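Participant: Each chain, written out:
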Amino acid sequence: MKKRALRKDFYMEVKKTRNRFLSILVIVALGVAFFSGVRASNPDMVLSADAFYDETRLMDIRVLGTLGVTEEDVEAITRVEGVETVEPGYSVDMLGDVGEHQLALQVMSVPQKLNQITLREGRFPQEAGECLADTRLVDKGFLQVGDTIRLKSDSEEDTADLVRETEYVVVGTGFSPLYLSLDRGTTKVGSGSLDGFLLLPGDSFAMEYYTQICVTAEGARELRSYTEDYDSFVDRLVERIEALEEEQCKLRYAQIQQEGAEKIAEGEEEIAEGEEKLADARAELADGEKKLSDAEEELADARAELADGEATLAEKEQELLDARAELDDGWKQLTEAKEKLVEGTRKIEGAYGEYEAGAAKLSQGRAQWEAGLAEYEKNVAVLEEYRQQEAQLQQLLQAQQLTDQELSALGIPRLTPEELAAYEGQLAQLTGGIAQMEAALPEAKRQLDAAEAEILAGEQELSEGKALLDAYNAQIEQGGSEAIYAERDLEKAEEEWAEGQEKLEDAREELLEGRQRLTDAEAELADARAELSRGKQEYEEAAAENEPKIADAKEKIVDAKRELSELEQPEWYVLDRQYIQTYVEYGQDAERIGAIGEWFPAIFFLVAALVCLTTMTRMVEEERTQIGTLKALGYSNHAIAAKYILYALVSSVAGSVAGVLVGERILPLVIINAYRILYANLPEVLTPLDVNYSLTSSALAILCTTLAALAACYKELLSVPAALMRPVAPKAGKRVFLERLPFLWKRLNFSYKATVRNLVRYKKRFFMTIFGIGGCMALLLVGFGLKDSILYIGTVQFGEIRTYDVSFGVEEDGEPEEQDALFAGISGDARLTSAMWAREASLDVEAGGVIKSGYLLVPQDPKGLEDYIHLRNRTSRECLSLADSRVVITEKLAKLLGVEPGDRILLKEDETRQVEAQISGIAENYFLHYVYMSPSVYEELYGEAPVYNAIYGNTLSTEEAFEEELRRDYTRLEAVSNVTFVSTMAQRVADMLKSMDTIIYVLVIAAGLLAFVVLYNLNNINVSERKRELATLKVLGFFDGEVSAYVNRENVLLTVFGAGAGVVLGRLLHRFIIVTAEIDMLMFGREIEGKSYVYSVLLTFLFSMIVNGVMHFKLKKIDMVESMKSVE
Amino acid sequence: MSGFVELRQVKKLYRMGEVTIPAVDGVDFEIQKGEFVVIVGPSGAGKTTVLNILGGMDTCTEGTVLVDGEDISSYRNRQLTAYRRDEIGFVFQFYNLVQNLTALENVELALQISRDPLDAAQVLREVGLSQRMDNFPAQLSGGEQQRVAIARALAKNPKLLLCDEPTGALDYNTGKAILKLLQDTCREKGMTVIVITHNSAIAPMADRVIRIKNGKVSQMLLNEHPIPVEEIEW
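So the sequence lines, in the order shown, correspond to chains A and B. Numbered by our numbering, the letters in the first sequence go through residues 841 to 1968 in order. Numbered by our numbering, the letters in the second sequence go through residues 2 to 235 in order.
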């Protein structure tokens, strides 16, 4: 555009027609946004998940063994080519008690390398007794960090065989890439569905083997999950790991056999020990009894002895009494004798007195004699002395004549003359006394001699008396001593008696003591007896307790032996990510979005293109005069067309850019965020711009708009300038088809006649509007219809087709009696109204080279099946029976296999068991594939009677608590492998619908936007084309409301037609999306509910009304002066 | 005695930023009931604005407009619309027929909102279109279209018939015929007809001629003896 004037004109045009420019921009943006945004949602979903998987290093492969996996297996797998990381781990489902909640938990070891946990709160467990809990458990309000969980086993195995401690403190919470969604899957423990996982440090597990080995493939991280590339890449590694299976399993088998044998030996030993202990106890008890009886015997002896003793005592007492009497007699005699003796003694003593008196007189006489004698002798002595003293005095007196010298020599003193005088006096006296005395002394001598003779005679007499007395005395004394002897004897006897008495007392005391001892002994014995009986009781109790235990243990050992012998070689399951529920579900959801995104935005696109076309055409038409003028001025067609093409180009490019940005950034975010209700753990949503979708959608949008502009110009540019300068002759009014039906036309209100004519007059606008509104209606219908279709699975599949309430899976290898008992128990349960045996087995169905997995279902009573499962054809509503020799298969299966009634299909349970059956009917079914046949057909086909392994039942109530109780009661039974409630499956469908709600909101909003843009745009064109007419109406005195009504009446009619078209379009699109989006094992409902039509119509009208409301104000602004202007 | 239509010091001012441009700058005139009035003036003199104000399509900035004793200058939008639909018949230069409706339907379009309408077919017969009633505007000549427009205006049985250059898009003879129709309508039905034109030549046919120049009434004549339109040449 080299011409400046034209350039200026272009800018002015854009400025002046801002609204038109923007409306093209917006519709292009919308179209591009929806087209690229919805399409990008699938790859964005995959990408977001893949980034999360890579970041947390989600395992590519998991190896499980039917008998666990070992360190050796880990090593073997590590050596496999292409294996990057190998991490063995534990995983076991257990029950956990926290407060009043009982939870079914998947207890796993804390992963170190793979499937890394994202910590949300707290820390990882480090010590024994610590654990990390699933955030889901916290979110559901079961527990919080700091709580303690008590784990217990809910299977045959002891808790202690699984984990070392039973109580664990929650030290943190986190989420695992294994669980993107809220569902934690199913389990055999507790209520049957897992509440969450719990992570313990690896060494908290007491198991002897790992339960799984997680593996990542080298190079798999670079590949995008959910892609063919990734799947086939991992598949190759799966095959390589599977190649190890046989050898490793053989090893494992041998190991288990050995371990088992050891354990059995151990167990047997233990049993022997136990039995021995019991025998010992029994022996001890017998011993005790013997001792007791001995003691009793002894006691009896003692009692006899005591009795003897007592008899002897009585005898002795009598003896003692006799002795007493004798003794008393003796004493009496003694006393008498003593009295006599005393009298004799007294007499003798009298005689002795007389003798004494005589003796005394005699001795007195003798004493007088002696005294006389003594005096005589003394007088003799005195005489002598006198004689001597005379001699001496004489000598002295003689000596005094001598000299002094001689005196001193003799030693005699010299006497004085006085002294000599004294001495001569004394000598004279002395010579007189001597003479007297010599005269008296011979007399005295004769007297004394006479007295002496007398005395001697007396003494003679006395000694004779005395001899007599002494003889008598001797006699007495002898009697006395005799008495003394007797007394002494008596005393001795007395002493002896006393001794006897004493002894008797002692004996009595002893006897008493003996009796006491006896009672004591008896008491002791009673005690001992009591003890013994207690001991016996204890023994019996212990025996009662232990014997069954031992018997049990024995039985167990027998079982174990049998099991060991029956033990089959273990198998490995090498599972890729397709076996992670959440991974698969997420993938399916992404695919579903992809399917919706495949065609759904196309409507938008088409409408956007049409709106652009109309708008551009109108623009060119409006500028007809100007085009003519420019042509007349000599501008080339190119130069003139460039303006309109540029106009379209600029607006559509701008719109595309905005659309790509908004669409690919925001739409996937909205959609994925909607899915995050289900996949709460997805941490981050990645919405990169997708080059492919961006470019294709932009290119398409720009091309459409620009070509529209070109097409519009082309027509005008062909005309000559003069023609262009003349106003276009107004389109002539035409009679419409309806007028040919006068009976109808006449009945029409005048206003409607005008409306009908107007509608027919602007055909392009008519179809465009109908298409726009129809698109809006179709989108709404698809949205609500999708919900209906999915809901259909719940309402029809579980409400009309599979009408039973519960199914019990029964172990196939049980004894017939056991099974009969179980069935009797179930059908006798008052909570169930009816029950029926059936065989359920998974099998592959093949027809025309297509193989699909399904289930074989053989009801025991084909006629009674009606109470549990309704077999009917969806379209003809005809009930199907299993009466003839053919089978009934379900609709989706028939469709996938491309078979019809009468065709033959191959039923394969495995490679070796294949049978061919003919189809008699196709049954309506929405979930999984089934092949139904009667027992007789089964027998005919397989050559044996079916083994029933499921019991279908109808219950009184479908309340959660009721079902929970029922489930708990029956999962306990060993013969029951699972209890499944139809309501649970219905609930899962309902959960699936939750994410659909958001999709529906997106669709409603999209539909609303579409309706708005289309209606607004077309109305705008309509009004601008008819400005003059409307202004005239105003001049004629039409009120604003009447003017609006005049225009809106057309819109309402168009909306009605559009809605009608939308129903058709919506049904087609709905059917298309449903068929595209549904996965193999599902069949969505094919019908849209009446309710959804009503909602869609109401919403469409609401949108239309809103646009009409906006138009009302626009109409109000039309100036009546327009009516004065000349026709352009 | 005041007139059937009375304009007193009617002004219409357009404010363009600082400047005030008067489209009508104090117009005063009276019209008696049953008169055939021609308002004449050069292009841009403000005659269309006066007509718009009189027809209730526009409001005056200042002054009073009395029609049959009612002060329409004080009317609100809705009152003005009611005034238009009940009291005014309008004939446009370009007929402004609804292309999609037949002649009869175009008349009926007006009638369906009218309080006291005449019979559409009768009115069409009166304007000489008894044969063309079921034709669409595109099938009619200009004169015929204008007759339909006049019929549409008359059928409402208005108090005032306002015509904006009714002959502007017509050839001489047809124009004359239309003017005659208008004059006859005035005479025969006692309808008050106001015709706006830049063509002074037709002034003699009017009872009252109002000349407008630069937004003011420059002259107002009462024609004691109006000349029938057939006798006027231009």
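Please keep in mind that the hints were generated in silico from the structure rather than gathered at the bench. There's no promise every hint is true.
[Claimed, not checked] Result set (DMTMM-like, lysine to aspartate or glutamate): computed pairs, CA atoms no more than 20 Å apart in a straight line: (1) A:K1593 / B:D120; (2) A:K1593 / B:D135; (3) A:K1867 / A:E1927; (4) A:K1604 / A:E1756; (5) A:K1735 / A:D1920; (6) A:K1956 / B:D59; (7) B:K177 / B:D135; (8) A:K1954 / B:D59; (9) A:K1586 / B:D59; (10) A:K1627 / A:E1225; (11) A:K1867 / A:E1780; (12) A:K1593 / B:D29; (13) A:K1603 / A:E1814; (14) B:K34 / B:E19; (15) A:K1586 / B:E109; (16) A:K1867 / B:D59; (17) A:K1396 / A:E1962; (18) A:K1586 / B:E145; (19) A:K1957 / B:D59.
[To be verified] According to the in silico footprint, chain B covers these stretches of chain A (three or more CB under 8 Å from chain B): (20) 1758-1764; (21) 1876-1882; (22) 1957-1963.
Being a predicted model, the structure only gives us computed values, none of them experimental. Positions of the beta carbon are idealized from the N, C-alpha and C atoms, including for glycine.
Participant: Each hint: holds or not?
Facilitator: To see whether the hints hold, each was checked on the structure:
1. Straight-line distance between C-alpha atoms of K1593 of chain A and D120 of chain B comes to about 19 Å, which keeps the hinted pair within the 20 Å bound.
2. At most 20 Å may separate the alpha-carbon atoms for a hinted pair to count; K1593 of chain A and D135 of chain B meet this at roughly 14 Å.
3. For the given pair, K1867 of chain A sits about 45 Å from E1927 of chain A by alpha-carbon distance, which is inconsistent with the 20 Å threshold.
4. For a cut-off of 20 Å, the pair hint linking K1604 of chain A to E1756 of chain A is broken: about 59 Å separates their Cα positions.
5. In summary, the hint linking K1735 of chain A to D1920 of chain A is supported, as the alpha carbons are separated by about 10 Å, within the 20 Å threshold.
6. The suggested pairing of K1956 of chain A with D59 of chain B holds, with an alpha-carbon distance near 14 Å, which does not exceed 20 Å.
7. Restraint check for K177 of chain B and D135 of chain B: the C-alpha separation of about 25 Å exceeds 20 Å, so the hint is violated.
8. For a cut-off of 20 Å, the pair hint linking K1954 of chain A to D59 of chain B stands: about 18 Å separates their Cα positions.
9. For the hint linking K1586 of chain A to D59 of chain B, the alpha-carbon distance of about 38 Å lies beyond 20 Å, and the restraint is violated.
10. As the CA atoms of K1627 of chain A and E1225 of chain A are separated by approximately 190 Å, the hinted pair breaks the 20 Å bound.
11. Among the hinted pairs, K1867 of chain A with E1780 of chain A is inconsistent with the structure: their alpha-carbon atoms are about 82 Å apart, more than 20 Å.
12. The suggested pairing of K1593 of chain A with D29 of chain B is violated, with an alpha-carbon distance near 45 Å, which exceeds 20 Å.
13. Taken as a hint, the K1603 of chain A and E1814 of chain A pair is broken in the structure, with Cα atoms around 75 Å apart against an allowance of 20 Å.
14. A hinted pair counts as satisfied when its Cα atoms are at most 20 Å apart, and K34 of chain B with E19 of chain B does not qualify at roughly 41 Å.
15. Our distance criterion of 20 Å between C-alpha atoms is met by K1586 of chain A and E109 of chain B, whose separation comes to about 14 Å.
16. Under the criterion of a C-alpha separation no larger than 20 Å, the hint pairing K1867 of chain A with D59 of chain B is consistent with the structure, at around 17 Å.
17. A hinted pair counts as satisfied when its Cα atoms are at most 20 Å apart, and K1396 of chain A with E1962 of chain A does not qualify at roughly 104 Å.
18. For the suggested pair K1586 of chain A and E145 of chain B, the alpha carbons sit about 26 Å apart, so the restraint of at most 20 Å is broken.
19. With a C-alpha separation of about 13 Å, the suggested pairing of K1957 of chain A with D59 of chain B holds against the 20 Å cut-off.
20. Counting residues of the stretch 1758-1764 of chain A whose CB lies closer than 8 Å to any CB of chain B gives 0, so the stated coverage by that chain is violated, three being the minimum.
21. With 6 residues having a beta carbon nearer than 8 Å to a beta carbon of chain B, the stretch 1876-1882 of chain A meets the requirement of three or more and the stated coverage holds.
22. Given a C-beta distance limit of less than 8 Å, the hint that chain B covers the stretch 1957-1963 of chain A holds, as 3 residues qualify and 3 suffice.
Checked against the numbered hints given earlier, this structure breaks hints 3, 4, 7, 9, 10, 11, 12, 13, 14, 17, 18 and 20; the rest are met.
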